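Asks: Spelled out, the chains give:
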Amino acid sequence: MRVLLKLATLFVIVVAALMWNTVVLAEGPDPNGADTFAANPNAGLNMAWTLIAGFLVFFMQAGFALLGAGLVRAKNTVNYLTKSFLDFCMTGLSFWAFGYAFMFGGSKLFSGLDIGNAFIGFSGFFLASDAYDVNTVMLWFFQMVFAATAATIVAGMVAERMKITAYLAYSFLIGAIIYPIYGHWVWGGGWLGTLPFGSGARDFAGSGVVHTIGGTVGLMGAWLVGPRIGKFKRDGTPNQIKGHNLVYIVSGTFILFFGWFGFNPGSTLAATDLRISVIAVNTFLAGATGAVVAIYLSMMRTGKADIIAACNGSLAGLVAITAPCAYVAPWAAVVIGAIAPLVQQAAQAFVERRLKIDDVVGAFGVHAGAGLWGLLAIGIFADGTYGDVAGLIKGEGGQIVAQLISMVTVLAWGLGTGFILFGILKKTMGLRAPREEELHGLDIPEHGIEAYPLPEKEPAGA
Amino acid sequence: MRVLLKLATLFVIVVAALMWNTVVLAEGPDPNGADTFAANPNAGLNMAWTLIAGFLVFFMQAGFALLGAGLVRAKNTVNYLTKSFLDFCMTGLSFWAFGYAFMFGGSKLFSGLDIGNAFIGFSGFFLASDAYDVNTVMLWFFQMVFAATAATIVAGMVAERMKITAYLAYSFLIGAIIYPIYGHWVWGGGWLGTLPFGSGARDFAGSGVVHTIGGTVGLMGAWLVGPRIGKFKRDGTPNQIKGHNLVYIVSGTFILFFGWFGFNPGSTLAATDLRISVIAVNTFLAGATGAVVAIYLSMMRTGKADIIAACNGSLAGLVAITAPCAYVAPWAAVVIGAIAPLVQQAAQAFVERRLKIDDVVGAFGVHAGAGLWGLLAIGIFADGTYGDVAGLIKGEGGQIVAQLISMVTVLAWGLGTGFILFGILKKTMGLRAPREEELHGLDIPEHGIEAYPLPEKEPAGA
Amino acid sequence: MRVLLKLATLFVIVVAALMWNTVVLAEGPDPNGADTFAANPNAGLNMAWTLIAGFLVFFMQAGFALLGAGLVRAKNTVNYLTKSFLDFCMTGLSFWAFGYAFMFGGSKLFSGLDIGNAFIGFSGFFLASDAYDVNTVMLWFFQMVFAATAATIVAGMVAERMKITAYLAYSFLIGAIIYPIYGHWVWGGGWLGTLPFGSGARDFAGSGVVHTIGGTVGLMGAWLVGPRIGKFKRDGTPNQIKGHNLVYIVSGTFILFFGWFGFNPGSTLAATDLRISVIAVNTFLAGATGAVVAIYLSMMRTGKADIIAACNGSLAGLVAITAPCAYVAPWAAVVIGAIAPLVQQAAQAFVERRLKIDDVVGAFGVHAGAGLWGLLAIGIFADGTYGDVAGLIKGEGGQIVAQLISMVTVLAWGLGTGFILFGILKKTMGLRAPREEELHGLDIPEHGIEAYPLPEKEPAGA
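Chains as they are written, first to last, in my numbering: chain A, 92 to 553; chain B, 92 to 553; chain C, 92 to 553.
If you're looking for bench data, these hints aren't it; they were derived computationally from the structure. Source: prediction; values computed, not measured. Mixed in with the good hints, there may be bad ones.
Because identical chains share one entry, a pair is satisfied inside a single copy or across any pair of copies.
[Claimed, not checked] Subject to a maximum C-alpha distance of 25 Å in a straight line, what follows is the list of computed BS3-like cross-link-like pairs (lysine-lysine):
1) Lys166 with Lys333
2) Lys324 with Lys447
3) Lys395 with Lys97
4) Lys166 with Lys517
5) Lys517 with Lys97
6) Lys485 with Lys517
7) Lys166 with Lys395
8) Lys517 with Lys395
9) Lys333 with Lys517
10) Lys395 with Lys518
11) Lys485 with Lys447
12) Lys485 with Lys333
13) Lys97 with Lys199
14) Lys199 with Lys395
15) Lys485 with Lys199
16) Lys97 with Lys324
17) Lys324 with Lys518
18) Lys333 with Lys97
19) Lys517 with Lys199
20) Lys485 with Lys395
The task is simple: from the sequences and hints, build the whole structure.
Replies: Printed below as a string of structure tokens:
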């Protein structure tokens with residue numbers, strides 16, 4: 092807590108100092124967009140498209156909040172909701188101050204993003220000075236909601252036992268450092284996107300950049316904070332701990348699916364790129380197929396139609412299609428979506444049964460497992476109709492090499508930095524709520540209120 | 092179950108065979124949209140509009156899920172949610188494989204939709220070959236979310252007693268056959284849209300194609316599966332069986348209302364068609380008026396402000412304006428919306444008290460009753476300002492003839508095919524869950540989990 | 092009730108009379124938009140942008156419904172939901188019939204809005220005659236959802252004890268009279284927007300027009316209806332009465348945040364105005380900062396991370412940035428958002444502890460407190476990059492004078508008309524539900540159903 096306050100104070104002082112020197116007086120070449128629009132009459136359409144898509148991605152935060160709220164026990168619901176709400180705020184602010192500059196500095200995509208190298212960028216801090224420009228600001232918005240998505244994936248994995256203070260610190264740091272640096276390598280002009288195999292590593296909308304990063308960092312968090320009391324039996328086999336509200340789970344999944352139509356098609360940053368219709372359809376088909384495969388699998392295995400498996404299968408399909416969505420044909424989206432729940436369930440079982448890590452909502456399987464499958468799928472199914480990316484089905488073997496390199500890299504980066512980040516937090520502020528708090532639920536001790544307060548008797552004076 | 096698996100296997104084989112021959116190698120004239128955009132600089136705007144509208148329609152699935160979840164009893168909530176989630180997945184896949192080709196084949200609207208006649212289309216299967224084109228794919232997306240809407244209307248009507256396996260089979264078949272064929276008649280170049288009365292049968296956004304089809308097919312499902320245990324007294328008068336969560340009901344209605352702004356204005360498929368503002372406003376006015384009329388009706392009749400009646404009244408107004416939304420003036424939207432809840436309530440009472448069919452959520456009144464009223468309203472209120480469609484208020488009598496023919500047709504087609512479909516399912520896999528399952532609720536026996544699991548004691552080893 | 096029915100009948104007769112004379116036969120210059128589009132090829136883009144933004148603002152109604160439903164006790168949830176659902180319907184209809192004409196008549200912005208003066212407008216009633224035009228209708232839609240937002244703010248403030256009939260009457264009248272007249276002064280060509288200081292009073296998206304009006308009118312409602320039984324102890328100090336569902340509160344806040352991306356960027360009414368990216372980013376930054384500041388404040392004060400405070404802090408940041416969103420730089424949005432929860436909490440404490448008014452959901456602090464701060468902030472932080480509006484940081488002192496005048500005016504107008512409106516309703520139909528109804532909850536007596544009905548035993552005949 093005190094560390095955080097000191098950091099916050101320091102942060103405010105730094106911001107203020109930076110501001111008075113450079114921000115109030117400086118602005119980019121086109122802070123109101125008049126020049127940009129005059130130069131490109133399609134700028135309005137593409138900006139509207141990008142922003143609206145970004146709004147939909149933002150709304151996915153509500154989906155994650157509901158999905159996770161349903162999957163945790165009632166006694167920890169307020170804790171989960173608080174994390175889920177605050178993480179996008181923290182990540183948004185750190186991505187504004189630092190992350191965006193680390194990620195897109197040097198990309199030269201828009202004004203104020205000039206300085207950077209193959210490993211990291213160094214301009215665009217605080218959207219100030221040359222970055223106070225309609226295009227630079229637009230790109231920030233779309234990228235920020237992606238960073239916030241990566242951040243909030245972790246909330247469900249460490250739910251029901253991580254302290255809120257540690258989680259807030261984590262949220263700030265993933266948006267400032269971990270997410271942007273890997274993002275720089277793929278999307279910001281860094282070394283992965285420019286690999287000399289195929290078209291370089293491709294990840295259209297972030298199966299790797301967003302989902303695998305979130306899933307791997309969260310795995311380290313879940314490991315270092317330890318499993319919930321009672322998750323594993325003495326012999327190491329897992330107990331199933333049920334959530335408390337299936338309506339929230341399904342509603343959250345619907346909202347996520349809805350938001351994905353911003354996530355994937357919006358990643359063109361342009362509605363003048365008509366491939367958006369194929370991207371939207373691929374997104375739908377993969378998500379729908381994932382759900383159908385998962386529900387029939389569960390019926391075959393247990394005789395029960397497991398709706399939670401269907402939701403996760405659907406999300407796995409969506410995560411898997413996120414990287415290849417622009418590069419493949421609809422039939423391939425169905426195949427990718429059909430395989431996704433298999434990968435997801437295998438990854439989930441591996442984490443729970445082999446690694447004995449307590450990933451409360453099964454996010455590693457959905458986001459990292461299916462995310463890696465999505466990266467690989469580009470190397471197989473890309474059909475050359477878009478962006479000159481072609482995979483094995485077109486007889487091209489170079490792309491899959493680039494994809495494999497990016498898969499190894501994202502795993503190493505996510506697990507490595509996740510370990511360091513949560514390791515430092517564990518040593519300094521501590522990760523774990525006290526045992527009694529966990530047994531009774533974190534809501535009252537950490538937040539002072541339950542998710543479902545019961546009415547009190549009418550107070551005196553009534 | 093086994094039948095389904097065999098069907099699924101057969102389906103996969105057919106798909107695979109089709110794919111290896113025609114899909115991997117074949118593509119439409121413009122799979123990435125470069126040519127289309129070069130030919131029409133407004134293509135980006137219109138595609139963005141259509142896709143975003145489609146996203147909103149997709150989100151209506153969440154509205155149906157919440158609305159129905161609130162209207163059923165807690166013990167069947169997981170069952171309802173599973174149906175509501177899986178039906179759009181199943182319908183989406185069957186519409187991809189077959190439905191779209193049956194509906195728009197022969198319409199020649201876009202590449203790959205060439206073959207068909209006045210009764211049915213035969214090209215565009217799997218979005219493959221010539222149909223792998225940005226425009227064809229765009230239209231598919233918008234049409235698919237409509238098909239999925241029709242499908243999910245049924246979930247609420249047969250809730251609380253239909254087996255999940257039968258429901259999944261139904262969902263596949265409505266999207267493959269029932270919905271597309273009637274749709275072909277009205278929107279795909281078929282005989283209803285080209286009737287020699289007025290401008291031919293008109294149904295701008297689907298009061299008939301979507302809502303009346305859903306409501307009539309569902310009525311046959313509800314009839315053939317039989318009423319819930321306890322719905323009707325021995326003397327045949329109905330008992331009121333309350334749902335379990337009013338917050339879900341109202342939230343679901345809000346989401347549906349929101350999604351309707353995609354449903355109706357999006358049906359122009361073009362933002363260059365500025366009538367979209369009138370359509371949006373008509374949509375709002377009819378929905379708002381429906382709610383207001385319903386709430387005052389309930390207050391006059393019972394002294395209580397019945398929020399469920401208001402929600403249904405609002406939805407009835409929205410369904411009713413769906414067909415005429417583009418053809419009428421705002422004042423007419425108010426009139427159409429005011430009459431809609433009267434029609435809806437009369438239809439609902441007729442189903443429950445005369446037909447003694449147990450339509451759990453009252454969807455027949457909302458979707459079929461108000462849907463038919465919407466078809467008729469075009470013949471009365473169309474004012475000639477758009478699409479050259481004019482009704483009685485302009486002294487034109489031809490349009491209402493076309494509308495009446497389409498009303499009779501949609502009733503006959505929906506009830507007829509619904510009867511055949513659910514009749515076959517009843518004879519083969521069976522429609523009804525066992526009596527004990529129904530009494531205790533379907534959630535545990537069919538899905539293995541309740542909607543609101545209670546916390547277990549801390550497991551041994553804690 | 093009877094008064095309402097008479098009013099309604101009168102209303103219908105007036106409408107009908109007006110209609111048969113002027114509406115059926117008359118239409119504006121361009122009811123289908125063909126001429127408008129021919130004259131301005133960007134009209135489609137800007138209309139799509141405005142409508143989609145309006146859809147998002149409409150969806151905020153669902154956010155208010157959920158937020159308030161969570162903040163009231165379970166026993167009054169149906170009552171709150173009914174108000175929250177019906178108010179936008181009533182306001183929408185009264186804004187259609189009267190409000191829009193009072194607000195934009197004389198603005199000459201579009202066809203049919205010609206007649207009016209600096210105090211009030213007088214044309215555009217019923218969107219009829221010359222106002223039946225695509226542009227006039229588009230503007231109506233966007234403005235109507237704003238009016239409905241102002242209306243629904245009040246629902247939470249008077250919750251748990253105001254009669255539904257009185258509330259419905261209020262909803263009609265705020266949309267017909269109170270909201271539009273102040274709106275006319277600022278946005279409709281009235282005297283505030285044309286003040287000879289700075290650029291005249293500015294309120295880009297309605298911190299004052301929408302939020303402060305809602306908050307001040309609601310304060311009078313909450314005062315005149317009196318506090319809930321048990322809210323204040325005999326010595327006048329307040330009791331805390333908890334809501335009943337934190338998941339609804341957080342979900343509602345997420346939806347509101349999402350909808351705000353329509354509210355603020357949409358207020359350009361044009362996507363060709365590329366400032367929309369800066370507006371979206373400012374909106375996000377202020378909302379995120381408000382939440383972060385509020386959560387750390389609560390942790391410092393009580394050691395608990397108060398999620399309700401964070402939600403309100405976030406909303407306060409969003410309300411505060413609503414007026415200045417287009418005129419300030421991102422860094423200023425952070426500062427405005429950081430200060431907003433301080434103003435909001437001070438205003439809330441003042442209302443509860445000094446005025447001893449029972450504002451159930453704390454809406455006065457959020458909407459009026461932060462709203463006034465937003466109006467002021469333009470005078471400080473506007474940086475001259477947009478719309479030629481510059482404040483103190485650019486060395487300009489004129490703007491803040493105009494802002495201060497508008498702040499005094501909105502307070503006087505909102506409190507004054509709110510007092511008159513609720514005073515009249517109190518004298519005529521009465522505001523307060525009977526004491527026994529309030530003690531047992533309004534849901535059964537006013538609505539005949541609880542929010543969470545329990546299953547009955549299987550009825551006889553099962």
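Asks: With identical chains treated as interchangeable, where does the CA-CA distance between Lys517 and Lys199 reach 25 Å or less: within a copy, between copies, both, or neither?
Replies: neither (38 Å within a copy, 64 Å between copies)
Asks: For Lys166 and Lys395, with the copy left unspecified, which applies at a CA distance of at most 25 Å: within, between, both, or neither?
Replies: Answer is between: at 16 Å across copies they meet the 25 Å cutoff, but 28 Å inside does not.
Asks: How do Lys166 and Lys517 come out at 25 Å by Cα distance, when the copy is not named: within, between, both, or neither?
Replies: within (24 Å within a copy, 43 Å between copies)
Asks: One pair to classify: Lys485 and Lys199, alpha carbons no more than 25 Å apart. Within, between, both, or neither?
Replies: Classified as neither: same-chain Cα gap 33 Å, cross-chain 30 Å, threshold 25 Å.
Asks: Cα distance capped at 25 Å. Does Lys485 pair with Lys517 within a copy, between copies, both, or neither?
Replies: neither (49 Å within a copy, 46 Å between copies)
Asks: Could you figure out if Lys324 and Lys518 sit no more than 25 Å apart (CA to CA) within one copy, between two copies, both or neither?
Replies: For Lys324 and Lys518, neither the intra-copy (27 Å) nor the inter-copy (47 Å) Cα distance is at most 25 Å.
Asks: Have a look at Lys517 and Lys97 and pick one of within, between, both or neither, based on CA distance no larger than 25 Å.
Replies: within (18 Å within a copy, 53 Å between copies)
Asks: Could you place Lys199 and Lys395 in one of the four classes (within, between, both, neither) given a Cα distance threshold of 25 Å?
Replies: neither (53 Å within a copy, 44 Å between copies)
Asks: Under a CA distance limit of 25 Å, which applies to Lys395 and Lys97: within one copy, between copies, both, or neither?
Replies: Close across copies (18 Å), not inside one copy (53 Å); limit 25 Å.
Asks: Indicate which option fits the pair Lys517, Lys395 if close means a Cα-Cα distance not exceeding 25 Å: within, between, both or neither.
Replies: between (41 Å within a copy, 20 Å between copies)
Asks: Reference check for the pair Lys485 and Lys447, CA-CA at most 25 Å: within, between, both, or neither?
Replies: neither (41 Å within a copy, 59 Å between copies)
Asks: When no copy is specified for Lys97 and Lys199, does a C-alpha distance of 25 Å or less occur within a copy, between copies, both, or neither?
Replies: Answer is neither; intra-copy 34 Å and inter-copy 55 Å both fail.
Of the numbered hints listed earlier, those contradicted by the structure are 6, 9, 11, 12, 13, 14, 15, 16, 17, 18, 19 and 20.
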